[in-house]
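**Q** Here are the chains, one letter per residue:
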Amino acid sequence: MKSLVQKCYLILIFAFLYLPILILVIYSFNDAKYSMQWHGSTRMWYNTLMQNTEIWSAFLHSTLLGIAASCIATLAGLLASVHIFLSPKLKKNDRFISLLLLLIIIPDLVLGVSLLIFFNYAHIPLGFFSLLIAHITFCLPFVLLTILSRIETLDMNIYLSALDLGASRLRALRKVLLPLLFPSILSALLLSFTLSFDDVVISYFVAGPEFNILPLAIFSMIRSGITPELNALGTITLFISFILVLISSLLTRKK
Amino acid sequence: MKIKPFSIYFIYTWLILFGLIPIGLIFVVSYLTDNSLHLATLPVTIDNYTALISPLFAKVLWRSALMAGSATFLCLILAYPLSYILVKSKYQTLWLFLIIIPFWTSSLIRTYSLISILKIHGLLNTVLLKLHLISEPIVFLYSNFAVMCGLVYNLLPFMVLPIFSNMERFDFCLIEAAQDLGANRWVIFFRVFLPNTLSGVLAGSLMVFLPAMTLFYIPDILGGARSVLMGNLIQNQFLVVENWPQGAAISMVLTIILMVLLCFYRPKQQGVLV
Amino acid sequence: MRKILRGFWCGVCTLLSAFCFAQTPMVNVYLIGGEVPQNLIWAFQKETGIKVNLSTYESNEALFAKLHANRKNIYDVILPSSYFVERLKRYDMLTPLDLKKIPNIKNIDPFFSDNPYDPNYQFHVPLVWGSTGIFYNQHWITHPPTTWQDLWSPALRNQLMLLDDMRDVFSMSLISLGYDPNDVNPKHIEEAYQHLLQLIPNIKLFASNAIKPLIIDEDANIGTAWNGDIAKAQGENPRIRFVYPKEGSLLWVDCLAIPKNAPHLEEAYQFINYLLRPQSGADIILIEGYTSTNLASRDLLPPDIRNSKIIFPDKSILAHSYYLRDVGESVLDLYNTYWEKLKLAC
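Respectively, the protein sequence lines represent chains A, B and C.
The opening position of the first sequence corresponds to residue 1 in the numbering used here, with each subsequent residue numbered one higher.
The opening position of the second sequence corresponds to residue 256 in the numbering used here, with each subsequent residue numbered one higher.
The opening position of the third sequence corresponds to residue 530 in the numbering used here, with each subsequent residue numbered one higher.
Among the hints, a few may not be true.
[Stated by the list, open to error] Chain C residues, not near chain B, derived (Cβ > 10 Å throughout):
#, residue
1, Pro566
2, Glu576
3, Thr624
4, Ile631
5, Lys789
6, Pro831
7, Asp833
[Unchecked claim] Once the Cα atoms are required to be at most 30 Å apart in a straight line, the calculated DSS-like pairs of lysine-lysine come out as:
#, chain 1, residue 1, chain 2, residue 2
8, C, Lys629, C, Lys789
9, C, Lys595, C, Lys618
10, C, Lys716, C, Lys601
11, A, Lys33, C, Lys580
12, C, Lys575, A, Lys33
13, A, Lys33, C, Lys838
14, A, Lys7, B, Lys385
15, B, Lys385, A, Lys33
16, C, Lys575, C, Lys716
17, A, Lys7, B, Lys314
18, C, Lys635, C, Lys789
19, B, Lys314, C, Lys575
20, B, Lys314, C, Lys870
21, C, Lys789, C, Lys838
22, A, Lys175, B, Lys314
23, C, Lys844, C, Lys870
24, A, Lys7, B, Lys345
It is worth saying that the hints were derived from the structure and are not from the lab.
Just so it is clear, CB atoms sit at the ideal spot from N, CA and C, and this is done for glycine as well.
In isolation and in its complexed conformation, chain A is listed as follows:
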């Protein structure tokens, strides 16, 4: 009985999450340029999309940026969380957390504008690096929050006993803490990649003309209207994501 309720709930939530996605996919075949109602099916939008090299280079750029930003942010965040966890409750940690929370509170728009001003004065050219810096900056707090909220439930004694038993610090870290933290590391990676891949507001300000990213390319297409070409792009992104998930789950199963 319980598991039936649970199953129904799960189905409902996923229906809620995937309904707009389903609409997105179906309408990518819509035979109408601007109307959002169904007018019959066609594959021409996929053809148009395939010829659109701008979008694909923007897509590649976004993926590159997302991977870079999420890896760096997660790595730095992980190590810092571990350090906080292992040091006694210092006042420094409190201040650190406050700084972090301050960064989350600042609206995206304000962070974007302030970083733009900062880059101007520091003579950092707008392009890949400015975007990377900005993305890491807004991912860090989320990463830290996610990992910290999990790490504080751990018992420090596990780590200390590993050290007592003769493991080096690095080994204790890798073999004891990391496996325990794995779900939150994964959450943090996914979260920061999603944040980076989908960010419009901050990127709008700190992106340069030569390194175009996908959200901005889409944003510019919205002005003239959401043609099903964008839906086709969404569908293909979805398809690629599913394939990736499939591959990774097959790989992890082999281990």
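Starting from the structure of chain A, add chains B and C where the hints point.
**A** For chains B and C alone, coordinates are given in the frame of chain A:
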């Protein structure tokens, strides 16, 4: 160990350089005067702050807080049971990925898909009409309802991930122990399960409430640019009116209010986070 | 993990150095979205080998803010409206044009050279022009509007879709009260604001972007719009009509300009010259629906487009229309205050 202090210094420096200094710039700009050519110049003035002491500003602040609060609450009641189910399931990683994947298609496109569902001749109205629950299409779009749908839809994973990551560490033996000691389901939930997962709930609420207060493109697209929320107000100041000092002042006020709210929560919690 | 990271950074640096030191000629183009079709950009790239880095903005104000925020100018070509060309000129933010490098300027309708905002094309070249008027869906609207004042009718409760553009909305109010939309008298502007407050119950939404789906799918049945959008919308829903209000409609011209200290000046001239070809003008009209300033393009258009009253309004309407002009910073500040109050009052 060499790595760990280095990592913390790296993050400190990074956050100070790319976090604190830009925020400091905003703080400074909020005290300057608006100037069309140089965006912000001397003289130093507090006019930008005194201009906010008005019923209109209070109305926008209240409306935004209400909207963000409701969205956070809705996300919470959806995400909490979901995290529980995920934690108990065998295919956690798979479910996590399945929740995240929709969010790799651009949020802009997904919000426009929401329009397809909520419009006059959209899916929702068509279904309701076919089931004879309504006789005329309901105008869902350009209302608070539509904005709420958009906010909850776009911010749900930010609630799920922290709660899940925290709940996963919960020792379910505690529940068995409590049952053995004779506690009923409600007591177990409120005295055992909830307190131990509270830190995840707070982290998730934070990650939803804050963006919900400041996102501007969702109320813009789904709310018809009529419901002016804090995010729209700030965006208007920076991008339309070009009064950067005023925009900076509004941002600072918002920041301070949110910080005060956070301080209110912190003493109640133990632990590293909050 | 560290090794992977190191390898990753090496890869990134290699890619970046390829970007930085590549000798590909390029031009950074910052245009308002929805007016220059993508295929023109591709065709230009193919023909000249110059890479076009296209970014877009949604409004003149956003363009101005972005240009201001960048200390060192990174854009080569921009597409501001005429009244913003005036404003940018005032702030000395534009490069004077060497018209010898734009031979295709001869294709532009001579009507545009004798203009009040930048005569003889010193700083700009007009590319696209259009008008702001009223659209309505004849199936749902029983009394078709003919004047701006008709929008204030109580029968239109919660039905209007207004353009999310400060000058356009205030101009509508000023014209309906009998004033010039470029009026700088603070009392008149306040009157216009009060008049707009009375319109609030009729306003359903403000939108300038992606309005075609809303109009075609009948989510918005009446309101203000630019003629190009309506021309396209009519193609998918024949019930849509466009009206040039009797009191006078608004005319705007979007112009190509080169910001000061553009990094790729020669390529900028080549791009501008390309957009002034007759075929380019025809593409703009056919694909985006907006009227090109290019006289030579008209011969390339099919008869139904050439005769469209929406895309090519009658001379009588043009004579009775107003051009938006820059009103100066202090008046703009006043406008901004009222616009914000209006939005907050909704």
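**Q** Are the hints correct? Go through all of them and say.
**A** Hints versus structure:
Look at C/Pro566: its CB is around 21 Å from the nearest CB on chain B, clear of 10 Å, so calling it non-interface holds up. The Cβ of C/Glu576 sits about 31 Å from the closest Cβ of chain B, beyond the 10 Å cut-off, so the non-interface label holds. In this structure C/Thr624 is separated from chain B by more than 10 Å, as the shortest Cβ-Cβ distance comes to about 18 Å. The Cβ of C/Ile631 sits about 29 Å from the closest Cβ of chain B, beyond the 10 Å cut-off, so the non-interface label holds.
For C/Lys789, the requirement that its beta carbon stay farther than 10 Å from each beta carbon of chain B is met, with the minimum near 13 Å. Chain B leaves C/Pro831 outside its interface by the beta-carbon criterion, the shortest separation being 31 Å against a cut-off of 10 Å. Distance check for C/Asp833 against chain B: the nearest CB is about 28 Å away, which clears 10 Å, and the non-interface claim stands. For a cut-off of 30 Å, the pair hint linking C/Lys629 to C/Lys789 stands: about 18 Å separates their Cα positions.
Restraint check for C/Lys595 and C/Lys618: the C-alpha separation of about 16 Å stays at or below 30 Å, so the hint holds. Proposed proximity of C/Lys716 and C/Lys601 is contradicted: the alpha carbons are some 40 Å apart, above 30 Å. Our distance criterion of 30 Å between C-alpha atoms is met by A/Lys33 and C/Lys580, whose separation comes to about 28 Å. For the hint linking C/Lys575 to A/Lys33, the alpha-carbon distance of about 26 Å falls within 30 Å, and the restraint holds.
A threshold of 30 Å between alpha carbons decides the hint, and for A/Lys33 with C/Lys838 the separation of about 22 Å falls inside it, so the pair holds. The hinted pair formed by A/Lys7 and B/Lys385 meets the criterion: a straight-line CA distance of about 27 Å does not exceed 30 Å. Using a Cα cut-off of 30 Å, the hinted pair B/Lys385 and A/Lys33 holds, with the two alpha carbons roughly 27 Å apart. Proposed proximity of C/Lys575 and C/Lys716 is contradicted: the alpha carbons are some 54 Å apart, above 30 Å.
With a C-alpha separation of about 42 Å, the suggested pairing of A/Lys7 with B/Lys314 is violated against the 30 Å cut-off. Distance check on the hinted pair: C/Lys635 and C/Lys789 sit about 24 Å apart at the alpha-carbon level, within 30 Å; holds. A hinted pair counts as satisfied when its Cα atoms are at most 30 Å apart, and B/Lys314 with C/Lys575 does not qualify at roughly 54 Å. A distance of roughly 12 Å separates the Cα atoms of B/Lys314 and C/Lys870; the hinted pair therefore holds under the 30 Å criterion.
For the proposed pair C/Lys789 and C/Lys838, the alpha carbon gap of about 38 Å is over 30 Å, so the pair is violated. Distance restraint check for A/Lys175 and B/Lys314: the Cα-Cα separation of roughly 54 Å exceeds the 30 Å cut-off, and the hinted pair is therefore not satisfied. For a cut-off of 30 Å, the pair hint linking C/Lys844 to C/Lys870 is broken: about 37 Å separates their Cα positions. In summary, the hint linking A/Lys7 to B/Lys345 is supported, as the alpha carbons are separated by about 13 Å, within the 30 Å threshold.
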